[in-house]
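S.K.: Put the complex together from the two separate chains, hints included.
Residue-level listing of the chains:
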Amino acid sequence: MSIEHPTKLVPRAPEPERPKRDWRALAVRVGFVILLIVIWQIVASAKIVPPYLFPGPMKVGAVLAEKVQYDIDLLKKAINSNTPPQPEQPSLAISILKSMGRMGIGYGSSVIGGLILGVLLARSWILKQTVGTVILSLQSLPSICWLPFALIWFGIDDKAILAVVILGAMFSIAISTEGAIRNIPPIYLKVGRTLGARNFTLAKDILFFAALPELFGGLKVGWTFAWRSLMAAELVRPDSLGVGQLLDSGRQYNDMPLMLVAVFTILTIGITVDLLVFGRIEKSIRLRWGLER
Amino acid sequence: MEINFNNVSKSFVRKRNGQEERFVALRPTTFTVRSGEFFSIIGPSGCGKSTLLNLLAGLETADQGSVEVDGRRVDHPGSDRTVVFQEHGLMPWMTVSRNVEYGLKLKGIGAQERRETAMQYLRMVHLSRFADALPHQLSGGMRQRVAIARSLALQPSVLLMDEPFSALDAQTRDLLHDELQRIWAETKTTIVFVTHNIREAAYLSDRILTMTGPPGGIKRIVNVPFAHPRAKSSPELSTFTAELHQEIKDEVDRVAMQELDADWNPLTSPKRPPRDVVAPGEGI
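These protein sequence lines are chains H and G, in that order. The working numbering numbers the first residue of the first sequence as 1 and each following residue consecutively. The working numbering numbers the first residue of the second sequence as 1001 and each following residue consecutively.
There may be inaccurate statements among the hints.
Unchecked claim - From the derived model, a few chain G residues whose C-beta atoms are all more than 10 Å from chain H: (1) 1022; (2) 1061; (3) 1087; (4) 1107; (5) 1137; (6) 1189; (7) 1232; (8) 1237; (9) 1247; (10) 1258.
Stated by the list, open to error - Computed Cβ-Cβ distance ranges for the label pairs, DEER-style: (11) G:1023 <-> H:276: 34 to 42 Å; (12) G:1227 <-> H:203: 55 to 63 Å; (13) H:182 <-> G:1234: 49 to 57 Å; (14) G:1139 <-> H:72: 56 to 64 Å.
What the hints contain is simulated information worked out from the structure, not anything from laboratory work. The C-beta atom is built at its ideal place from N, Cα and C for all residues, glycine as well.
Only chain G is shown next, with the shape it has when bound in the complex (with noise of 0.2 Å):
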């Protein structure tokens, strides 16, 4: 299993104040995911992380250029390509169980088969008691460990995840690094995981595409040299997280260059965080 970007780059036609315009989302990029890898994308707002995914994902098609896994090009949406988004997408009319079935029944797979393999991954995110729950029972945490369990039961060639945690707050959002970690290791799976929180992809990650933007394009890859399990609170993960926040934030800066007043500059602004990106120290 092997996820390739030949030469792939996306555009779409947006309208501002009412003119129609091209918005170069991504330009051309190349990059390859390994195996059994956790691959994450960080990047200002507007980089285009979540325009790759959805290429990744067969939501979108891509302009030029083709993206392949295991040597088939994606062109369409495809369960061997499951994704977790932000919004949890739960079908609040299906019980937690037949969420989890319901990619296993397009697949032929027949009803206690079904139902024996929801459980099991419903266990595996240790939320089994809730299989006959409604979606709008469980908290936002345990809603987002649903659709974990949902995408992870078509056993995927690749997991996709497009800012799961991002709408959690920030106790639940750890608990879930620990899990999702933990089923990685237990499921093998590649994980391709964009986010905008640094920290979390220093944490979780063997690969981290940087990206900048817009246009969108890779910056560079880098490799966190820590193996698995890490300690969140290490002092060598804070050091790597904060360098590879000055090289993202150096990039959102050049960003509202562009897009703020001609009065702002990065020196002179307040030292908040910029509104993209998480800084070292804040939690993840």
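Bound-form chain H, shown alone (with noise of 0.2 Å):
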């Protein structure tokens, strides 16, 4: 009943379909910025609204050039020099680099937290109705609720503003892990103990990857939390150098363009680590997964 098979070439199956990238859909957001700036322009050259008030986008892009300018020579200085950079006043890549070492530290230590945090919620009966209603309802506390007491316990210290960011983001982390966990397909668990996998094995094997795509959902909304957070903690709290802080300073010198400028900076930060980072990653496990075509 056996049936020759080709033993030799065969040919390789369908690569995957790679989306085309929907450039007409591209051209009409570009366009649509586009738009908006141009009438931006105008309204604040009809000048209604004093200049100082309601800068166009030209001021805007000279006061970014400055700053920008500004940072190079700091740069150079310092590279001149040889010693660290010392900025007269606020310098944007030091904002920059201030707040994404805090996002590192911070996000960072919630992702760790709350993944432990969820497998443990998941796993254990006691802790999900002890700890886990607890986590539950501090999570509707805005995190930035939290500032004041961790200016009291930490002081006027980086770590309040961590302590912030990691409450931000860690519950909600800890509670998109857990449903990760139990919105695995249960069959999963069936096939891959029928095909012998066990405990460790199969939680780093099967477990783990069946709840990847919604664990990374959970990740994504994490580090948004974490963001708006940092900003809150950095505009509140004085002399924190951050992104969130130029804003602030903006405001003390009632200097409207650098205000914008921070807030380009912010909005440009969180889109390039969503789209491009989170939602590529996101995209392209999805894809493999099936679940989008």
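M.R.: Shown next as structure tokens:
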């Protein structure tokens, strides 16, 4: 009853279809943003509102260029004198580095803590009822409300800001991790076990990947929470030297263009990380898993 | 290789209208599956046929009695009793070949040998061209072929199949029946096959265990008196199927009498096949 099978070269299976980039949608989006900027310039040039209250895009662009130039000079000086840069006015680059450094530590700790907490919540009934309930209720408290406590506990220190970031993101990550684990289709558990996987191997090879699409979605939301908490904390806390503080120093100097530069910086970082980093990875996971075409 | 169910029973606690109640899935059951046999289990829904298979797979443990494969007591899942489920359960993040290789990897077999074995079994189900494809790029029938290859690659003492073709369209199912017949003849693996499709069971099996319930239990074991391979459309097979069908229908009617409103009865009910079985004449 056996059948002759080819043993030599066989044609490869078709490659996964890469979705074509939708140029039309991209053009419409970019076009709309350009249109907005043009309208903004027209309204600003009409001087209905005094320019110091509503500067146009040209003015904001000029201040941005000034800021970038200032940072380049600062860097040159630092390299020449071989000392750390000593800015006399708020520096865009230092603000960004400062904020991103805090995100690295704060978000990184949130991910580690949130994943561990999430796994524990999914595995233990008693933890779910006790710690889980507390986490759910704390989650409804805007994370910036922790700042007064953090300032008293940790002093005017980076620790206070980090505490706000971690409290803002970790619980959200823990809750979504728990959900991701609970939503693993039971078929993968059954298949894994009947193929001989047990305990840690089962968790590492099967359950982790089965949960990954939802798990990653939770990490993405966690990033957004962390970023918002950080901006709020930096805005409120004096001398934090982050992008949030750049915005507040603009307010102190009555420098509306600087405030807008700060806002655009915050937006740019948010969009870059959200869409280009998290968005891309999420998309590639969903494509591979066949959840999206 | 022999499978023995010795006085095996199983019950679950289930919630109904907020009340916890004990639900007997399987009354004490004793039977034997012979080595190399194609053994089917049929019966209406809720008769415990999937419970029986899960007990054999080791996914559930019996309340009483013991399940033995080759004289060894089953108490956990193992790669000597692989399962093909109704949902293919292919890991979407692994290529077709990696899916087939995964169980071999757990056994500590090296990459090269793993790949060769996987290709051998993918050729058996005629999907070697798709070794590097991802599961979502395959059709339902192809996925089920991969699931079969994955289970067979571990060379289990018994291949368990839990309604493996129920989710497929009639044509694909026909195709896979013939493939399964051929694979069974080639590998001589013992197969325990759970289905609610009576023609499917009649076409493929050496012996058929019919079940009643709930509460689930054995009705009888039927010998299928025809040699393999069989002609699917032969009148003998149709007659045999019709008789078996009537037997199951009585059981379905009995359950319906208990579950449905009092104004329902099997004589006045529409002349449609009961919801859980496929009538003779309908494609398998």
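S.K.: Which hints from the list above does the structure break, by number from lowest to highest?
M.R.: The structure conflicts with hints 3, 4, 5, 11 and 12, although it agrees with all the remaining ones.
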